[in-house]
Structures are given as C-alpha cells and as structure tokens.
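Quick mapping for you: the protein sequence lines, in order, are chains A and B. All residue numbers for the first sequence refer to the numbering used here, where the first residue is 1073 and numbers rise by one. All residue numbers for the second sequence refer to the numbering used here, where the first residue is 75 and numbers rise by one.
Treat the hints with care, as some may be off.
With a Cα cut of at most 27 Å, we get these calculated DSS-like pairs of lysine-lysine [claimed, not checked]:
hint : chain 1 : residue 1 : chain 2 : residue 2
1    : B       : Lys294    : A       : Lys1209
2    : A       : Lys1340   : A       : Lys1320
3    : B       : Lys289    : A       : Lys1202
4    : A       : Lys1348   : A       : Lys1358
Don't read these hints as lab results, they were simulated from the structure.
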Amino acid sequence: MSKVMSLTEAIDQFVHDGDVVYAAGFTHLIPFAAGHEIIRQHKRDLTLARATPDLIYDQMVGAGCAKKIIFSYSGNPGVGSLRIIRQEMEAGRLAYEEYSHFAMITRVAAGASGLPFLPMRPTGGEDLAKANPQYQKVQCPYTGDELVTVPALNPDVAIIHAQRADANGNVQIWGIEGEQKEVAFASKKVIVTVEEIVDEAVIRSDPNRTLIPDFIVSAVCHVPHCAHPSYTQGYYDRDNKFYLEWDKISESREIVEAWLTDWVYGVKDHAEYWDKLNAETHERLKVPPAMSEPVNYGRY
Amino acid sequence: MTNYSSSEMMIVAAARLLRDNDVVFVGIGQPNLACNLARRTHAPHMNMIYEAGVIGAQPSHLPLSIGDPCLVSGAAAICSMYEIFAYYLQNGKIDVGFLGGAQIDRFGNINATVIGPYDKPKVRLPGSGGAAEIAAWANRIYCLTPHQARRFPEKCDFITSAGFLSGRKEREAKGLRGSGPQAVVTDLGMLEPDENGELILTALHPGATVEQAVKNTGWKLKVADDLKTTELPTDEELRLLREELDPTGIYLK
C-alpha cells in the first residue's frame, strides 16, 4: 500500500503539539526540510530528541517550537556551540536532559528492542549521572559487576531521511547510518523523506541495503535535497560553508528572525528553498559519482 | 627552518604520539588534524575510527565535522552508532582515544560540559558526545589543549570524562578498562601522569620555559627530572598541515 504523501501533509498528520520528536541522522541525512515544515506549521511545546541537536534543532528552538531538548552533544560540529540552544539553556528558558552519546543511543536501542532499559559499563564520569536521575545502577546477576542503566526512549514521531525508498516505505540508506534504524523501530510513527522514490524491484534487488522495512513506516515523502545544509551521501555534499555562516547568523536573534522569515516562512516548501539557494551553491555541493562494485545475489 | 605557530607545534607533537597500526578513535577539531597528519607521515597503517560509525577512514581532505562524507569514501566499514560504541569501544577494540576539552585538571579529568554549577551554568559547553566513553574504554588517552591557567584548574567544575579521578587508585577501583590519560599536549610542552596519576611537566617545546608552563597551570606543577625538549616540526609536517590538511586555516590559528 502506497504511503506517499507530501511532507506538508505528513507533518500535519503525524506531528502534534507536545510530541517527543526524534529527527534522526548523525551529521549525515539530517532532515532539515522536515524541521522547516514543523516551524512553518507553528508546532509548539515539542520535546526534541537527538544525539547531536545540530543546526536543525537550533533553528527549531529559535522559532519557538520546543519546550525541552534531549541530547548528548549540543555543538555545531567542528565549528563551536549551538548559540540559540546554549543561550536558552543558560537563561533557564529551555528544559534539557543530557547524556553521553552511548547512553543516548542506548536509550534508543532499548526503545527499539521493546525493553524498559539497557545496561552499560560505568565510565567513571559520574557528574552527569548526578545531574540526570534517569541514570541508574544495576548489579549484573551473573558477574556481580555494577552496571549503569538508562531507560528506553520511545519517541512519538521519528523523522528519517534516506537516499531512496519504494512507495510502500522500504527504506535504503548508505554512508553513515547513525541511529536511523534504532530510532525508526523505537518510535510510534515514522515519517520518511527520500531523495528518490524507486520501484519496489530496485529495493528487492539489494535487500541487504534496506535499513527499515515498509511496515514500520507511516509516511513516505519525496523531498529532494531534504538534508541541506547536511548532506546525502552520493547526492550532494555537506554545506560546510553554511555551518560556518550559521555561527555568525545565530549571534543575533534579529538576524535569526530575518533568516527564518527569508528561508523558512518565506518559502512554500523545500523545493522553493532549494531554488532560492544560488547557482554557486548548487554547483559547489555537486559530487562526482563513485559507484560501488555490484554484488551477485544469485538466481534461486 | 620555517617559522611555525604554537598550534602547529602542538598538533605535530600530538601526531607523533600515535603509532603505526594503532586503532584510533578520532575526535573533532585539532585531534582530527593530528590523527590525519600521523597517518600521512609515520603511521600509514593507523586505523582511524570515527564515532559516526566509520572504520578505516582514509579521507582525501580534512573533514570539518566527524561525520563528513569524505570519511565514507574508501572506508573499510560503516556501522551504526550503537555498534561503534558497544562492539568497538565498550568491548575494548580501541587502542587510542584523542580528546580535547575546556578544562583538564591535575589528575587528567576532563570537563566538556559546563563552567560553573550544572544547574546555573556560567558557560554551557556542548557536552560529552562520546568523550565519556572514549576516556573510560580506549586503552590509551591523549589530550590536546592550549596551555592556559583557566584550562588547567586544580579540579574541573564538572567531570565529563574520567582521567584518574582523585588518583590512579580511584580509577583502578572503578574498574575502568582503559589505562587513562597517557599525555596532555599543549602549545608549551607535554604533561604526563606520575605514579599517582598527577600530571607533571615532562617536555617543553623549543622556546617555551618552565616558568611559562608553571604560570599557566592552575595547580603547583611539578617538573620531571629528565625534562625533554620537543623536536621541531619538519618542513614536511608543516607542508602537510598547511597545504593539504587545513588549507583554509580553520584549526591552525
């Protein structure tokens, strides 16, 4: 059954005020178009979970969509801090729940496994556990070792960007796969955005590449360049220049407002946003192809 | 001899700590430069692992973030974030972890979370990322940070990553599998832990003085009996850094 719909419809139908939202993707495949659509639809009081909030959550927090963030590294990768989130946290206006990467991802893995929690070895970095009561301890019944636990995270909505899917929602990803699969399986609803919708036969010719099967997925949205200024492996490069520019834009809330007016509220959808980026940017982000060697599954 | 900056000296000195065949969990920023420099000089068989889930990375240029697409091109394997932390790091498959941080204290504990109290932060920093796990579970830890008193307090405001905690005994008692910080490279020289896990000055870069190092350290810095002098950066190391690894000078300030 086809789950194809526009991103506007999917956000309207599946993201509600007060939801816990996890827009997945570690540096790669961050669904910026979905974040912008949430901003355009004025969703409010969201709890935004992501290991690395990245620019997408800095923008959503700046636009007033969030009441809380759950995270493990709140920086602009390789550049500095996420200024808006940092400012809101320092001012006590944004609630937050903080983990290390492994603890954050372990929460999602527990959620994806239908478990109430999962254990980890202790790291000795106990100040975080003192600051966040979600960290608990358990004694291993086999070795007697003391282990650290974190509870399952089961978001209301996952947003996953991918290179391609069929209309039913069988999703194929290559390149850095981050926490995409765990987030999809942990969440109640799953919105998938893709660069291309392909025939089911394309997916079935290479089933090892399918990270998420169709019956986990709620909506499939065709959104080329969805991840910009993040990237989609093989389709377009990361816009590192914009990541550096955001560090300047986010120095002032007036400039952020102007940026949102221009690039989010001022465009109808992501296609219009992409067109609005100039030809120099389109050219700069092009990547020459590098095909993998095909594999032989055999005919059985 | 070419002129060089203090951050170039620091990155070169850090790169030289890495051994050929090391499996290295590469951090963001300057550690990223040091690791890529080592792989292009004395450690061509070093296996660079990035927490984004990339194994055996061979980037053609320096990635800005630790999840850039150039890390994927030509890599040996890609896995999920859960696997990189569980199967590789927690399971003891990583030789070296490379960390930076806003504060490093007398016993090599690192703060990357907050300056001031956690609930009322004076400065909110990005937070742990993978640093808590890397510090605990990689076999050897190296740190890289400019030598300034505010970065080297007697005690960190917040321990994001465990060094020796209050001394080697406490780290051992916690049963952390890695052997903790082995060296802290600064723009003045190098600190290494003594038998108690206290960081002491063991090397100076050319031109730096003991007085400078002592003045820029927040505790009473001890000096090793056999204080060494770092070898100058070679022309080839500087060429690689400037022309190939960081041509736009993002990290080589």
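Results for each hint:
no. : hint                     : verdict
1   : Lys294(B) to Lys1209(A)  : violated (37 Å)
2   : Lys1340(A) to Lys1320(A) : holds (25 Å)
3   : Lys289(B) to Lys1202(A)  : violated (33 Å)
4   : Lys1348(A) to Lys1358(A) : holds (16 Å)
Checked against the numbered hints given earlier, the structure breaks hints 1 and 3 and satisfies all the rest.
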